[in-house]
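**Student:** Sequence:
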Amino acid sequence: MAGIFSFKCSCCGELHEGSPSFGFKAPDPWLWQPDEVKEQGKISDDLCFYTDEDGTHYFVRVIIKIPIHGVTEPFMWGVWVSLSKESYEHYLETWDEPDLERGYFGWFCSALPYYKSTHFLATDVHPQADGARPYLCLQETGHELYHDQVNGISIEKAQKIAESAMHG
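The working numbering numbers the first residue of the sequence shown as 306 and each following residue consecutively.
None of these hints come from the bench; they were simulated from the model. Even glycine gets a Cβ: it sits at the ideal position worked out from N, Cα and C. Treat each hint with caution, since some may be false.
Said to hold, decoys possible - Simulated pairs of lysine-lysine, DSBU-like, Cα-Cα distance not exceeding 30 Å:
(1) Lys421 / Lys313
(2) Lys370 / Lys390
(3) Lys330 / Lys370
(4) Lys330 / Lys465
(5) Lys343 / Lys313
(6) Lys347 / Lys330
(7) Lys347 / Lys462
(8) Lys390 / Lys347
(9) Lys313 / Lys462
(10) Lys465 / Lys370
(11) Lys347 / Lys370
(12) Lys313 / Lys330
(13) Lys465 / Lys343
(14) Lys347 / Lys421
What the hints assert, rightly or not - Just the calculated beta-carbon pair ranges, DEER-fashion:
(15) Ala437 / Ile460: 24 to 30 Å
(16) Glu461 / Thr356: 40 to 46 Å
(17) Glu319 / Asp404: 40 to 46 Å
Using the sequences and the hints given, assemble the complete structure.
**Tutor:** Here it is as C-alpha cells:
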C-alpha cells in the first residue's frame, strides 16, 4: 500500500498530500430552519437539536470512512445523522463512557459533493472509545456512496471527489 495519498489538483495546480478529510459544521436540516427556530435550538461541534412544527429533531456528528485502493488512510467525512430522541438521550448519557455494544439507527443529514443526494440514507451509528466520534455504516442501498464505502474507491476517484469538495 502507498503510505500517503497525494495529487496535483487539476483545479488549483497545488499538490495536496494526505488522505482527504472534510467536515460539515451543521446538519443540513438545521441550516434549512428559520432563525427563530435555530435560536430556540442548540448546536455544538458534535450535537444539535431544534424544535419545529414537526417536533424536536436530534443530530450527532459522525465519521464515515471510504477506503482508497492502495492507500493506508481512508477518505473521511465528518457528517451529521439524525437520531431518535431515545437514541440521542442514551448517546448523551453514555458520552463519557460510550456504550460500544449499542449502535443507533440514523438518517444521513449532510449533502456530500460529487454524489447524488445523500440526504436521508439509512445508517447505523457506532460509538467509539477514547473521545473519538462515532463511525457510520450505511445500510445496504443502491446508492453510489454505499458501494464506495463497502468496496473502496480508486485514487483517481478520490482525487475527483476531493477536488469537488475543495473547489465545487
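**Student:** What are the numbers of the hints that this structure violates, sorted from low to high?
**Tutor:** Going through the list in order, the structure violates hints 5, 7, 13 and respects the others.
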